[in-house]
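Colleague: Residue strings, one per chain:
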Amino acid sequence: MTLLEVDNVVVRFGGVTAVNEASFSAEPGAITGLIGPNGAGKTTCFNVISGLQKPTKGKVRFRGKAITSMPVHRRARKGIGRTFQRLEAFGSLSVRENVRVAYDIHRGFAGIIKPGAADVDALLERVGITAYADERADSIPTGTARLLELARCLACDPHLLLLDEPSSGQDEAESVAFGQLLKDLADEGRGILMVEHDMDLVMSVCDQIHVLDFGSVIASGTPADIRASDRVQRAYLGYSDVDTDAVEAMTAVGSAAGVRLDDTTDTAVIPAVKEGLA
Amino acid sequence: MSVPILEVIDLHASYGRIEVLRGVDLTIPKGAVMALLGPNGAGKSTLVKVVSGQKSPTSGDIHLAGVHVKNAGSDDLARVGLCTIPEGRSVFPNLTIEENLRLMSYAGIPAGAVLDTAFSYFPRLHERRRQLAGTLSGGEQQMLAMSRALASDPALLLLDELSMGLAPIIVEELYETVAQIANSGVSILCIEQFARTALKVSDYAAVMTGGRIVASGEPGEILDTMADVILGGAA
Amino acid sequence: MSSLFAFTLLGLFTGAAYAIVASGMVLTYTTTRVFNIAHGAFGMLLAFTFWDFTVRQGMPTLLGLALVLLVVGPAIGWFTQRFIARGLGEAPVSVSLVVTVGLLVGLIGLTQQIWPPEPRIVLPFHPETGYQIGDTYITFHQVVTIVCSIVVAGLLYGLLNFTRIGTAMRASVDNPELLKLFGGRPDTVAALSWAIGISLAALGGILLTPTVGLDYFALTLLVINAYAAAMLGKLKSLPLTFVGAMGLGIAESYAVAYLPTDGFLSTLRPAIPALFLFAVMILMPQAQLRIGQVKGIVTAPVPPLRSAGAWGAGLLVAAALLVAGLSTANLLLVGTAATYAIVMLSMVLLTGYGGHVSLAQFTFAGVGALTYAKLEEPNLFAVVIAGLVAGAVGALVAIPVLRLTGLYLALSTLAFAVLMDKVIFQQDWAFKFNGTLNAERPSFLGIDLSGDAVYVWTMVLVFVLVGIGLLAVRRGVLGRLLVAMRDSPSACGTLGLDMRWFRVGLFGLSATIAGVAGALFAGLRGTVGSADFLYFQSLLMLLLAVVFGVTSVTGAALGGVALMLMPVWQADNPEIAGVLFAIVGFGAVALGRDPNGVANHLFKLGRRIRARFEPQIRERLDGLMPKGHVSSDELAAAGAADVPLVSVGAEGKGEER
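Residue numbers (the working numbering), protein chains in the order written: chain F, 85 to 362; chain S, 15 to 249; chain H, 184 to 840.
With the rest of the complex left out, here is chain F (with noise of 0.2 Å):
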């Protein structure tokens, strides 16, 4: 079964519209990427999707049923957790106790009763951030901080990650140990939707991906697939006229110098153009 299914989805501010009729689904057991150019309305349909925002019109299934009306707190105990691309890590509280709450949040009373420390060291140990355990949340680097947030997403258990942006501000090798979580995770049979700019790790793991712009859904497919679409080098490359060399020197220039990189911290350079240009 199919188990998120975004269905003809338009959010409209005042006049703008972010998300346009915009359709996508996610499998259990895979990991589906979102990308699209700045402001082509990824974090919209994400907020759509955990609640947070409401739909001007379509329809959110999740698990077969629909949720589109649902509560934010309603959706999360059905299974879906999600991750912010501005950070809502409880900042006055350590990373341990961070996980802690989630932990308390998702087994209710359960939670108040037997608390179970060792499971959430055991949590940290796999996103990897033990070392930060004790440290308050908002003295930590912020690739850390959304290994974090995953981290409190997986003390809930959840068929669905929705994670936003979940590698920047992390270096490449920690990029390629990310990937490897990310797989496992869809191993053990959830699902995950990513919205990601690191270009080389979506077209590593992703299974299918989804290329959003203007609020709609221009090209699905595998990541051969996108990377042969003609519309999609369109819209992440600006060009009316296609001239293929260029091209492909600019996806690669694109790339690598992180032009289209969208994080909000400056450390994912690639480190051939540091050693070129320094």
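Calculated from the structure, these hints are not laboratory results.
Take the hints with a grain of salt, since some may be wrong.
Unchecked claim - In silico DSS-like links for lysine-lysine, alpha-carbon gap of 27 Å or less:
| # | chain 1 | residue 1 | chain 2 | residue 2 |
| --- | --- | --- | --- | --- |
| 1 | S | 69 | S | 44 |
| 2 | F | 138 | H | 419 |
| 3 | F | 138 | F | 149 |
| 4 | F | 162 | F | 267 |
| 5 | H | 605 | H | 557 |
| 6 | H | 615 | H | 605 |
| 7 | H | 419 | F | 141 |
| 8 | S | 84 | S | 44 |
| 9 | S | 214 | S | 44 |
| 10 | F | 141 | H | 417 |
| 11 | F | 138 | H | 417 |
| 12 | S | 84 | S | 69 |
With chain F's structure known, arrange chains S and H on it following the hints.
Modeller: Structure of chains S and H alone, referenced to chain F:
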């Protein structure tokens, strides 16, 4: 050579503990168009915020037309001829187009003149002058925003990601307007992710990453350098 | 039929004055994001100023009016924006609420000081002139009122739509940063809107004075009418605010006309604004969770339970020594302080930990006291029931927060406090009109507590137990959840926490604590009445709690003592009674931005003293007490979040590479 319109010397700025600008040096000669390229998060938008007075630097100097500006508010800078078109929404969505234009007269040009200039460049805006700006398409909103630059004849124009979320064809159109403004002698600092589009209209280009300017020169050089690095080193 | 017309017309006149007040409030709120609870108080101050100009100094009415509306009012508004309200819009809602409540109390104190209580009369404009329309007689004053409201509406419309500064006002609602890039000045815009807003509060106040009376409190409470009217337009839309004000005016007028003249319904008239408010609130659409709020606020340190226990035991011993030697009158004062301190503990839970503001906390104590007195069962059971009833009422009041945000919750508690004060507590089945009820002191588990000293000591004991309980909550699961909710409500929601009911529960728990305090207070006094639980008391309580530190148990203890001392000082020095209110009010204005208050400065001082002297003492004690180091380990283990283990983090990172 005359005094540069903008000179930034060893500029540092940070958000809390995270330092975003780590010693930026940048000079824009009078009348020139400078394209500033680099990954998001490199500090480009922060640089614009600091230069336009929206954010105060932790250290370093900014000279505008030879004058050392320190702790000047963005409203004061706007009144003396620094025109900033920030990233994303740069019009007031709940005001009509006409009202948006009328507010542009704070930059020192009578409201009537602003309206005339805007409507002569973009007749589409005239047709819709009583509509709320929020109901315009993204491209039209940027035209409205550009009207401020067109009408006020600024000493320096800061453009931050003009093309964000816009169709390529509209971006081209907007950059024709940028070229027109440049031809009238206005100095421009233009931040853009569509490298080629921006380089087409610019006299100089600089690449920023990790909070520093790592390369600068003629547009052709920059493109070649970057492409060489990638094509040579990445495979 | 003609009477219906007459009452509608009457309602429209009152509504017109409300509309003037409300439009000023909406103007300042939309342009600066500061909800000015003191809006009515400003109107009150300026109505007194108007009286002073025209009656005491004998100026011509028009000159006095012009001076107040065009000079004094705008000047006060400009001053308030420049020196008090600036930057408040970006602060958490709880801060701006505390600061404007401080203004409210401060202004009342100031007015009482300048114009001490005495009968003053402000006549309507041209009282002898009037017009006959059919069967209805309309006074000149009413015509002036309605003309004023039309003129105000017209001028505001013109200002906002046809002038550049007015357009800039609307623009700064959208995006003040962008306005600055356009060359506009958001600060000038904000100052202008405050100047106009306060001037409109003055005009509305002056027009209503002949009906309401020149009264410190009645005019101040106009803010509730204004707020009720403005709710119809979600505090944003001026046209809907006018509609709301007219609707409220007519509702009040019909209440006079058609409600029975005796029985419960007859007492409802003063409650109409509050009821109107609750009705509108229920019709409001659900608010959505917002992303990107203030995160990681530094709060007062949480002491380990053992040290809290030691302090508590110390306090109990001190209290025992104190109560042994005090006269009955002074014992009552200590008991009162303990009551206040326990109610302030309920604020520590709600405001200090949870970040919500209640302007009705002492009213909940009143509910507890009423329940206890009515039960007539002087035992522990009755105290518990009193707490539970207060808790249930608190939860009921918090129901709007199921749908709306914290600002609306705080404002609805103010309406609730006034409703209880003016209507419910006055009912025959409650304290009766200006009446009292008798209450006996409870016995706990068969232990007789009727002796003054024993009873007061027991109250201190309750304070200590509740305080330690709160600290335990703060350290445990609930405390973590509270902090998490304050840091990021959106994240809590997406993790599956139903914050709406959680908040209602929190509110209920806090009201329960207040209710227990109220029950104990009833036992302490022996007689309690509605006069003990005026809504104004809750405002004072909030301010003192914030000044002394609403994030710590110590702050609650200090605040309780201070609140008890206030009437004592006022009685000793009646000539400066107003000044005291002014000091408390403006003190809260000054300190409101740091809810950790005086207590936190004491903690810092204590730490500094310890840092200075502890090593020396340690050195001397080392030989004697080898276990002396345990306490610092404990501190680290307990305050994990407050003491970042930097060295551990750094080692970990090293290993990874």
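Colleague: Compare the structure with each hint and give your call.
Modeller: Now for the hints, and whether the structure bears them out:
A C-alpha spacing of about 24 Å is found between residue 69 of chain S and residue 44 of chain S, which places the hinted pair at or below 27 Å, so the restraint holds. The hinted pair formed by residue 138 of chain F and residue 419 of chain H meets the criterion: a straight-line CA distance of about 21 Å does not exceed 27 Å. Distance restraint check for residue 138 of chain F and residue 149 of chain F: the Cα-Cα separation of roughly 17 Å lies within the 27 Å cut-off, and the hinted pair is therefore satisfied. Between the alpha carbons of residue 162 of chain F and residue 267 of chain F the distance comes to roughly 22 Å, so the proposed pair stays at or under 27 Å and holds.
A hinted pair counts as satisfied when its Cα atoms are at most 27 Å apart, and residue 605 of chain H with residue 557 of chain H qualifies at roughly 19 Å. The suggested pairing of residue 615 of chain H with residue 605 of chain H holds, with an alpha-carbon distance near 11 Å, which does not exceed 27 Å. Note on residue 419 of chain H and residue 141 of chain F: the hinted pairing holds, with a Cα-Cα distance of about 26 Å set against a maximum of 27 Å. With a C-alpha separation of about 20 Å, the suggested pair residue 84 of chain S and residue 44 of chain S falls inside the 27 Å cut-off, and the hint holds.
Only pairs whose Cα atoms come within 27 Å are accepted, and residue 214 of chain S paired with residue 44 of chain S is accepted, the gap being roughly 19 Å. A threshold of 27 Å between alpha carbons decides the hint, and for residue 141 of chain F with residue 417 of chain H the separation of about 24 Å falls inside it, so the pair holds. For the given pair, residue 138 of chain F sits about 19 Å from residue 417 of chain H by alpha-carbon distance, which is consistent with the 27 Å threshold. About 11 Å separates the Cα atoms of residue 84 of chain S and residue 69 of chain S, which keeps this hinted pair within 27 Å; it holds.
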